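Enquirer: Residue strings, one per chain:
Number of protein chains: 2
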Amino acid sequence: MEQFQPTTRTRVKRLAKRGVYEKAAVNAILDEGIVCHVGFTADGQTYVIPTGYVRVDDRIYVHGSPASRMLGALNQALDVCITVTLIDGLVLARSAFHHSMNYRSVVVLGKARLVTDADEKVAALRAFVNHVVPGRWDEVRQPTAKELQGTHVLALPLDEVSAKVRTGPPIDDEEDYALPIWAGVVPLRTAPGEPVGDPRLLPGLPIFDTARLARS
Amino acid sequence: MEQFQPTTRTRVKRLAKRGVYEKAAVNAILDEGIVCHVGFTADGQTYVIPTGYVRVDDRIYVHGSPASRMLGALNQALDVCITVTLIDGLVLARSAFHHSMNYRSVVVLGKARLVTDADEKVAALRAFVNHVVPGRWDEVRQPTAKELQGTHVLALPLDEVSAKVRTGPPIDDEEDYALPIWAGVVPLRTAPGEPVGDPRLLPGLPIFDTARLARS
Chain A
1330 MEQFQPTTRT
1340 RVKRLAKRGV
1350 YEKAAVNAIL
1360 DEGIVCHVGF
1370 TADGQTYVIP
1380 TGYVRVDDRI
1390 YVHGSPASRM
1400 LGALNQALDV
1410 CITVTLIDGL
1420 VLARSAFHHS
1430 MNYRSVVVLG
1440 KARLVTDADE
1450 KVAALRAFVN
1460 HVVPGRWDEV
1470 RQPTAKELQG
1480 THVLALPLDE
1490 VSAKVRTGPP
1500 IDDEEDYALP
1510 IWAGVVPLRT
1520 APGEPVGDPR
1530 LLPGLPIFDT
1540 ARLARS
Chain B
1330 MEQFQPTTRT
1340 RVKRLAKRGV
1350 YEKAAVNAIL
1360 DEGIVCHVGF
1370 TADGQTYVIP
1380 TGYVRVDDRI
1390 YVHGSPASRM
1400 LGALNQALDV
1410 CITVTLIDGL
1420 VLARSAFHHS
1430 MNYRSVVVLG
1440 KARLVTDADE
1450 KVAALRAFVN
1460 HVVPGRWDEV
1470 RQPTAKELQG
1480 THVLALPLDE
1490 VSAKVRTGPP
1500 IDDEEDYALP
1510 IWAGVVPLRT
1520 APGEPVGDPR
1530 LLPGLPIFDT
1540 ARLARS
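Protein chains in written order, with our numbering: chain A, 1330 to 1545; chain B, 1330 to 1545.
Excised from the complex, chain A in its bound form (with noise of 0.2 Å):
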């Protein structure tokens, strides 16, 4: 199977058994995951930004504003982290040290590269729409040469990467075995409600079907 290489930063340090580093796995939770945590550094104070990403082949793409803080400082060459999390389940142990959370996550680091080629801008925010919502981009009005003026696009390579995962029941002492508590996992799953049409929807469309959201 295809590896990441770890490096001192991104080798697992604590709980070591709970690090991944094959590709597959890395890129199952980068497909399946729509929001990711850019951190960067400018002034000398650290930011968390929430922001939508798409992996294509061994990238990530982040897009936004030219005017934001975040768009400024990642174009900077300066090196940032990426984090996606998927979270699972809530891990119920018979005692209060062993609580816990099933979830994978995804950390990348590196330079971000601004892009610049219009194909690869064009390509990058195809793949972010059909990312969210399979199929999307084909049916919507695709962007004016304004409007791609007007997004930044950034890709951060794949390239120091690493996951970590939690899977499986709580790990008691075994001396807690014996307690009369419950204890297990309680899955938690992202699901879709009902759509809500926008108030001005011209009338006699289809509702949107929300199984074309489905994921893994």
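Please keep in mind that the hints were generated in silico from the structure rather than gathered at the bench.
Note that the coordinates shown come from a computational prediction; the quantities given were computed from them, not determined experimentally.
No residue lacks a Cβ here, since even glycine has one placed at the ideal position from N, Cα and C.
There may be inaccurate statements among the hints.
Within a straight-line C-alpha distance of at most 25 Å, the following computed BS3-like cross-link-like pairs (lysine-lysine) qualify [unchecked claim]:
no.	chain 1	residue 1	chain 2	residue 2
1	B	LYS1342	A	LYS1475
2	A	LYS1342	B	LYS1440
3	A	LYS1346	B	LYS1352
Listed next, the stretches of chain A that the computed footprint assigns to chain B, with coverage defined by at least 3 CB atoms under 8 Å from CB atoms of chain B [as the list claims (entries may be wrong)]:
no.	segment
4	1420–1427
5	1459–1469
6	1514–1526
Sample of chain A residues with no beta-carbon within 10 Å of chain B, all distances over it, derived [said to hold, decoys possible]:
no.	residue
7	ALA1484
8	ASP1505
9	LEU1530
Got chain A; can you put chain B on it based on the hints?
Expert: Below, chain B without anything else, positioned relative to chain A:
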């Protein structure tokens, strides 16, 4: 209404109308979430790590192993950032450009303080467990002295704080409202599934009631 005073670092710059500074609104977001993303810098590299948290009064607590990279870095009195993000829905517009998400996020900046007072530490851990499952602390075995030693708790004051919130339907360009394209919001909700009992669960215990997890 009591407000956080925005600073040059927390004032929402991009889409300033989405900025929220009322304490009650910020606290409601912090109390609904269960995972935050902590950003810090160590050896010149920014890291973003997901972890549990709880708000108590005007502080956020996180905890972890004394051996973790995060706790080590947070403990050096550097300015960190803790971000909590709730995703409320997908905003599907008639143009690719105006696709968006409905979300509520809080950004907290400041210096973390290691909690050394034993009472404050236990109170924080109790709040931590009860934040995820109300009332759980009193049902489970409480920490031993050794477990308490093996857990570090850090506090970040809710001082330099802002929230950013998007709600409502897509905002399309005027001429696009005539397009025969479904537009609107697909709500997203995180919901608990059927609890999975631990393989070594004692017989006869009532199954965990997920209604206890209802939030807000």
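Enquirer: Hints first: check each against the structure and report whether it holds.
Expert: Against the structure, the hints:
Between LYS1342 of chain B and LYS1475 of chain A, the direct Cα distance comes to roughly 22 Å. Compliance with the 25 Å bound is thereby established for this hinted pair. Taken as a hint, the LYS1342 of chain A and LYS1440 of chain B pair is honoured in the structure, with Cα atoms around 23 Å apart against an allowance of 25 Å. Taken as a hint, the LYS1346 of chain A and LYS1352 of chain B pair is broken in the structure, with Cα atoms around 40 Å apart against an allowance of 25 Å. For the segment 1420–1427 of chain A, the assignment as covered by chain B holds, since 6 residues bring a beta-carbon within under 8 Å of that chain's beta-carbons and 3 suffice.
Residues of the segment 1459–1469 of chain A lying with their CB closer than 8 Å to a CB of chain B number 6, which satisfies the three-residue condition for coverage. Only residues whose C-beta sits within less than 8 Å of a C-beta in chain B count toward coverage, and the segment 1514–1526 of chain A has 13 of them, enough to reach three; the restraint holds. Listed as outside the interface, ALA1484 of chain A is consistent with that label: its C-beta sits roughly 17 Å from the nearest C-beta of chain B, beyond the 10 Å cut-off. In this structure ASP1505 of chain A is not separated from chain B by more than 10 Å, as the shortest Cβ-Cβ distance comes to only about 6 Å.
At roughly 6 Å, the least C-beta separation between LEU1530 of chain A and chain B is not larger than 10 Å, which violates its mark as non-interface.
The structure does not agree with the numbered hints 3, 8 and 9 stated previously, though it agrees with the rest.
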